[in-house]
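Chains as they are written, first to last, in our numbering: chain R, 1 to 80; chain A, 1001 to 1141.
Hints may be right or wrong, so weigh each one.
As the list claims (entries may be wrong) - To list a few chain A residues with every Cβ distance to chain R over 12 Å, as calculated: (1) Leu-1063; (2) Gln-1069; (3) His-1083; (4) Thr-1087; (5) Lys-1127; (6) Ser-1135.
Said to hold, decoys possible - Heads up, simulated DMTMM-like pairs for lysine to aspartate or glutamate below, C-alpha to C-alpha not over 25 Å straight-line: (7) A:Lys-1119 - R:Glu-59; (8) A:Lys-1127 - R:Asp-42; (9) A:Lys-1127 - A:Asp-1116; (10) A:Lys-1127 - A:Asp-1092; (11) A:Lys-1026 - A:Glu-1049; (12) A:Lys-1127 - R:Glu-59; (13) A:Lys-1119 - R:Asp-34; (14) A:Lys-1127 - R:Glu-45; (15) A:Lys-1026 - A:Glu-1134; (16) A:Lys-1127 - A:Glu-1043; (17) A:Lys-1127 - A:Asp-1078; (18) A:Lys-1026 - A:Asp-1092; (19) A:Lys-1119 - R:Asp-31; (20) A:Lys-1119 - A:Asp-1078; (21) A:Lys-1119 - R:Asp-67; (22) A:Lys-1119 - A:Glu-1068.
Quick caveat, the hints were computed from the structure, so don't treat them as lab data.
Beta carbons: idealized from backbone N, C-alpha and C, even for Gly.
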Amino acid sequence: MINVLFFGPVAERTGTRQTSLDFRAGICWQDVRDILRARYPDAFEIVSIVAVNGQRVTETTHTPLADGAEVVFMSAFSGG
Amino acid sequence: MSGSVRLQQDDFSLEAEIAALRTSSKRIGGIVSFLGCARDFSENREVSELSFEAYPSMALDELSALREQAIARFGLIDARLIHRLGTVHAGDNIVLIVVGAEHRAPAFDACRWLIDELKARAPIWKKEITPQGESWVTPHP
């Protein structure tokens, strides 16, 4: 299972704070994004930061996810 | 109060945090703080409340990393970072950074660096509650 979390503005647009996808060998965070972007297009319009297991990843990060990985799609931060 | 890096719903005390910092060493010759407060006005609108939400585990990791990096980069003796979550009313405290160093220059520099980096790196989001409705804040550069 791949666990996906949404916070703040992104969660408001998805209407949910979490979802999950079935794990398959070789799946990368970009695959998760593509699946969820089709499901929540409005939310993904503002996604600019992605974290896997609490670590930021970039478009060039193609490390396969482990079963049980936590992927978070986030908008620009506005704390402070 | 406990811990040098915290996310919390409750308010914090500047005096208590400075006192805690001072217990870490008597080599401290200068303490600089940044206290972020909730304005009652933003973008030409009245703001009655702010609401903060975080990705808690990553935000705490980022704040801890920032503290360690600031201590190493500026030669600080100690630093404390506290950010509130949940509802914050206009005029209330939001975020506190307190740093202690042997001399004032690195303390000033580190405090500025820490708040700028916190805003860029900590996964925290702010919503403004106004009489006209609610909206998430788009960060300023």
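Structure-based check of each hint:
no., hint, verdict
1, Leu-1063, "10 Å, violated"
2, Gln-1069, "15 Å, holds"
3, His-1083, "6 Å, violated"
4, Thr-1087, "14 Å, holds"
5, Lys-1127, "7 Å, violated"
6, Ser-1135, "9 Å, violated"
7, A:Lys-1119 - R:Glu-59, "22 Å, holds"
8, A:Lys-1127 - R:Asp-42, "18 Å, holds"
9, A:Lys-1127 - A:Asp-1116, "19 Å, holds"
10, A:Lys-1127 - A:Asp-1092, "15 Å, holds"
11, A:Lys-1026 - A:Glu-1049, "40 Å, violated"
12, A:Lys-1127 - R:Glu-59, "28 Å, violated"
13, A:Lys-1119 - R:Asp-34, "28 Å, violated"
14, A:Lys-1127 - R:Glu-45, "18 Å, holds"
15, A:Lys-1026 - A:Glu-1134, "47 Å, violated"
16, A:Lys-1127 - A:Glu-1043, "13 Å, holds"
17, A:Lys-1127 - A:Asp-1078, "31 Å, violated"
18, A:Lys-1026 - A:Asp-1092, "31 Å, violated"
19, A:Lys-1119 - R:Asp-31, "29 Å, violated"
20, A:Lys-1119 - A:Asp-1078, "20 Å, holds"
21, A:Lys-1119 - R:Asp-67, "32 Å, violated"
22, A:Lys-1119 - A:Glu-1068, "17 Å, holds"
In the structure shown, a violation is registered for the earlier hints numbered 1, 3, 5, 6, 11, 12, 13, 15, 17, 18, 19, 21, in ascending order.
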